[in-house]
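K.L.:
Taking the hints as your guide, dock the two standalone chains into a single complex.
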Amino acid sequence: MNGRILKTLILKDLLLYFRNRFFAFVTLAGLIIYIAVYLVLPATVDEALTLAVYAPTVPDIFLDFLTNNDIEIAPFETDEALQAAIVQSAYQAGIVLTGDAVSGIIRGQPATVTVYLRSDAPTELVDALHVLLRLAFNELSATLSGSPLPVQFSEQIVGPDMTGQQISLRSRLLPLMAVILLVMEIMGLGSLISDERESGMLQALLVTPVSTVGLFAAKAIFGIALAFLQATTLMGITGNLRTEPVLILTTLLLASLVVTGLAFLIAAVSRSMMSVMAWGILAMIILLIPAYGVVLPGTVTGWARVIPSFYMFDTIHQLVNLGGASDTVTLNLIVLLVMGVLLMAAGVVVMKRQLT
Amino acid sequence: MNLRRVSVLFLKDLRYGSRGFVFIFAVVMPLALSLIIGILFGTLFSEKPKLGIVDAGSSALVVDLQAADFMTVTRFESSSALMQSLETGGVEVGLDLPAGFDRAVREGAQTELALYVWGQSLVTNRAVIAAAVAERIMDLTERAMPIEVDTVLLGDTEAVPWQQRLIPLIVLISVMFGGMLVPATSMIEERQRRTLVAVTTSPATMAEVFLSKGLMGVLLSVVSALAILTLNGGWGHNPVLLFVVLLVSGTFAASIGLLMGARVKDIQTLFAINKSMGIFIYAPAFIALFPETIPGWVARLFPTYYVLQPVLSISQQGAGLPDIAVDLLILIVMTAVLFVGLGFSAQRLQVQAA
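So the sequence lines, in the order shown, correspond to chains A and B.
Heads up: the first sequence begins at 1 in the working numbering, then just goes up one per residue.
Heads up: the second sequence begins at 1 in the working numbering, then just goes up one per residue.
Treat the hints loosely; a few may be bogus.
Claimed, not checked - Ranges between beta-carbon positions, derived for each pair: (1) W162/B with A90/A: 52 to 60 Å; (2) F286/B with T208/A: 32 to 40 Å; (3) T57/A with R106/B: 50 to 58 Å.
Said to hold, decoys possible - Take a look, some chain A residues computed to stay more than 10 Å from chain B by CB distance: (4) I10; (5) V45; (6) I105; (7) V131; (8) T208; (9) V213; (10) V246; (11) L337.
Note that these hints are calculated values from the structure, not bench results.
Just so we're clear, the structure is a prediction, and the values are computed from it rather than from any experiment.
Glycine is no exception: its CB is placed at the ideal position from the N, C-alpha and C atoms.
Chain B on its own, in the form it takes in the complex (with noise of 0.2 Å):
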């Protein structure tokens, strides 16, 4: 093994392979992955009630409507504006106040408010939306409320918002995606316009030659997963420890990854191969998608659990070596058993070669 002769091969697949769709995919992918779940997950997908408000008259109620956090409140600057967002559903309920609503209000005077309700919204959005406007009505008028209402909250489970139980899918898919991908298809496309029989009739071996792809699919996944943990809560109180599960679990994602580029004939193979895995490689993640429903050891059965379990103590709750240990030292068992398969596959490509 030279290390010299690796370098020279990793910096050349750096240099030629990162021009490439599946280099460029494996990157932007679990980055706008990520961000598109922010967006979704944190404005559209949220199932507030959203009323819209055309104020003439600076009213207080909207202001009061809009410090609330249980619905989305927009200030339209028109009627036609809030009626045509009505349409489309962009808001679901309406309210148009007139200039001077608040003094009538004050004065006592029975108000009557027309609320223009988007045909497609839900009853108890409608609902929601309107008691909190007659709630607030009722706070300007300074009117007793005798009533009060005690909220007492059962059980010992917490809220996980959706946008947090996706993250374990995010950072498994920065992990296994690039470093997986780009190690088989660089692979594929040297063994198919046969610029791998030439490299290995160079001084260079086969083993040299896996180890540099290898290389640029830990790279990926490494710098592919601290750049998704930095967008989603940091990387913990260990970055180091953090930094090593990382190579560990980028080195097995690469190990399979050059396995599938070694036995693989084409592209297409590989692509639907790994279509048919996703379901095996992110199970885990999507078991965390309801921990209410699917009992944590099954997670466990799946290798990639090995990965993503101990990023995610790591990173989001601040756990040390002796709380991961297990778990790695069953990541290392299994990429070490990784390890002597592609021993096997280089040997075979080398004599291949030959």
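Okay, chain A solo, but in the shape it has when bound (with noise of 0.2 Å):
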């Protein structure tokens, strides 16, 4: 294999595949929407609930009780202060606690706390917010009048507790964003192959001195380079290679192969740039089914393992979430590392003998 060969091929994939202004709009546009839409939403998720609270006479003790229920409290002057804080949803709740209520918690007689919401409130928040607060000044009435509630609960967690440090929404949606990057390329990728079969530029350039394994070498270089350089243009630029960037790199490789080999398999069965579109999109519903498990956890069972793609969305979902190192990897990277080369294998003997 002569290596100047090999690059003149890749420089004219290279060409041919931004001359395709659709994936060519579509490849740029992607990455550039991904790192905007990641940059754009919140980093962090604010999992207290602080509730503003207008109480003239309160005791302290009820303030660390409700602190102690992992509510926070904002205090405010007035009603009307309140009132205005909740119309402009800077909170998700206001509690009134007058004279009269006070005394009746303490005493353990019949009181009514108020609190106020806003109007757009789901009916779940407004419902879920009664049962809460009802509940706890209810026990703390009980706790000062001497005869605590009669059931205590006991927290055992299960896997890392992430109190304080939630996955965002952003980071859960990451492997998501560069998976779909990747999968994007099987489109591409194919389409750039099937055109140059239909429109017998393959077979031309194998009468040249170019091999089949050139033929095919450049291609895959060239497909898992592109696909390679998008996730982790990705990757970096929402900052997220600065933790394991070894075994991240490595998970994206693996999966621009991955894809490489399922790309040349779909060149093979197709014969135009909506034909690779067809399969591309099945293909992609397909990949896609595991990062449901990301995205929405519990919603996706073990069947989800058979899918190559679950082993991409798993590995950085683990190095980039859930602080994983090698040894929790390991095993994703093997399985797509085998599943790559036998993609691959069998892209390039479908596409072989279909030139031969």
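P.N.:
Okay, structure coming up:
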């Protein structure tokens, strides 16, 4: 294999790829849009319940109690100011603790606590806060009157406790964005190869000093490099290459190998760009299924492990969001390598048979 | 203009074009999108806390908890199944109720319950579930809860669920996507294969070709929109008016598609243009997602607002002709302007073919 020929073939592929305006647009716009979406989405999860409180005569024990029940308190000077803050959505809810209400709670006598919410608050939120606050004030009342409620909870955490460091939506979406960028390459590269075969360019190249091995090697290198470069750019610009960069780059490289192999297979069964799009979208739908398990935890069961992209999503999610290291992702990387090599080999064999 | 030739061309397009990827995609995509949005925002994206329960002794607590509308309660057959779901986040909090739990609570014994908490669950969700469980236990013990909470709603805005906010987007996609793309791709493919030249060397004129392909777009647009509206709240009280509005909207979409098909060089460029125009085409629907943030008049700056608004007004708000007359008139004027452009394009292509 001549290095100069290989370089020429890769440059030719690069030129032809970006000559297709649709894929050129999708490649560049997709990357920019995903980076923009990531940067615009909030970096943290606000999991605290902060309540505005107007309480002219509230004892400190009340505030201590509420704070101990995972509720943060923002005091207000007047009822009007409290209502204005709720209408402006500054807080989810506001509580008015009048002297009568405080007195009733302390003595364990009937009393009513007023809670303000915005009128467009979802019914579920209104009901949930009602239950939460009703129980909290009754528990406080029972404790103060010396007969605590006859139930105690002991919390046992399953998995790493992420309290205070919850995974933000943008971090959950990151593996999805990276894999979508990779998967889009299936269509781009597939279309490139399919067009070249249908126009006779591949056959024409084979009557030159270019060998079949060289031809496929150039396409594989181009496909892997393009996919890898995009995914790496996304991870780099979004600042997700700071921890375990070698493992993340290895994952992206192996994932690029998998999608390039799939692109070869799709190109082999397609006759035009439309045909590549049809097969590509089908492949994309299947490959994105495991992403639901990351974005919407608990929605995907064990069978998703048969889909190659599961190992892409899971590895990136483990490394970027859950602080995983080599011991947690080694098996995933081996599976990705095996799948990548098998798909690549299958793609090359099918393409070669078609050409000869 | 010969209607018999137009119908022959139309039936030919319907017969062969309907097997193509774009046609199938245009039919399936809005329906699939509607279904996915229904599933995602109906259940999966709901932010309700998720509680899982294993009940060894038919506790009344489970029935009470399942009746709560602010959380999702799932029953599990065994502790291991519950733990498996907890490990993947299928439920956020797990409750393993022992046999005889209700009796023990009613007898006044101090009860300690283990709450298994998924580490990635939100603190507020944990608190809400714990409060709901504790409140139901209080009900079981028939212990008085003297402190009541009076909820007062402030302001005059109403909650609009995400599923409802997304209806304009699905409706707009159903009207515009197939209506534009099918005539456009059909024109480009015929130009590239030179079958357009072959057809116009017969007695058929370019205007008749345009009309047959436009009718295909209109048909797809109307059928797709009616299907989507059926799935999302019905046609409203005035189906005849809705049908008329959809016909005009479909004509508008098909006219844009035909203009692109007549001007754009190849499919790749068409898809690239379609992608880059997407933000302008669907802008009114995106604006409708955030009614509190973006003023409604901004949507009026986009032509597709006049496609979307009459359809939504009739189907979702029961509007009549006087309510939508101005918007419909603007849509008709825009479509007429596109017709003028189509006339020039047809003439140009006829000359090129000759």
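K.L.:
Take the hints in turn and mark each one as holding or not.
P.N.:
Hint check:
1. A hinted range of 52 to 60 Å is violated for the C-beta pair W162/B and A90/A, which are about 22 Å apart.
2. At about 51 Å, the beta-carbon gap between F286/B and T208/A misses the expected band of 32 to 40 Å.
3. Taken as a hint, the range 50 to 58 Å is violated for the pair T57/A and R106/B, whose Cβ atoms sit roughly 38 Å apart.
4. Distance to chain B confirms I10/A as a non-interface residue, since its nearest Cβ pair spans about 21 Å, more than 10 Å.
5. The Cβ of V45/A does not lie farther than 10 Å from every Cβ of chain B; its closest approach is about 7 Å, which violates its non-interface assignment.
6. Annotated as non-interface, I105/A brings its C-beta within 10 Å of a C-beta of chain B; the closest such distance is 6 Å.
7. Distance check on V131/A: its Cβ comes as close as 5 Å (rounded) to a Cβ of chain B, failing to clear the 10 Å threshold; non-interface status is violated.
8. Once the 10 Å rule is applied to beta carbons, T208/A is consistent with being away from chain B; the minimum gap is 27 Å.
9. For V213/A, the requirement that its beta carbon stay farther than 10 Å from each beta carbon of chain B is met, with the minimum near 30 Å.
10. Residue placement check: V246/A keeps its beta carbon more than 10 Å from all beta carbons of chain B (closest about 26 Å).
11. Chain B leaves L337/A outside its interface by the beta-carbon criterion, the shortest separation being 25 Å against a cut-off of 10 Å.
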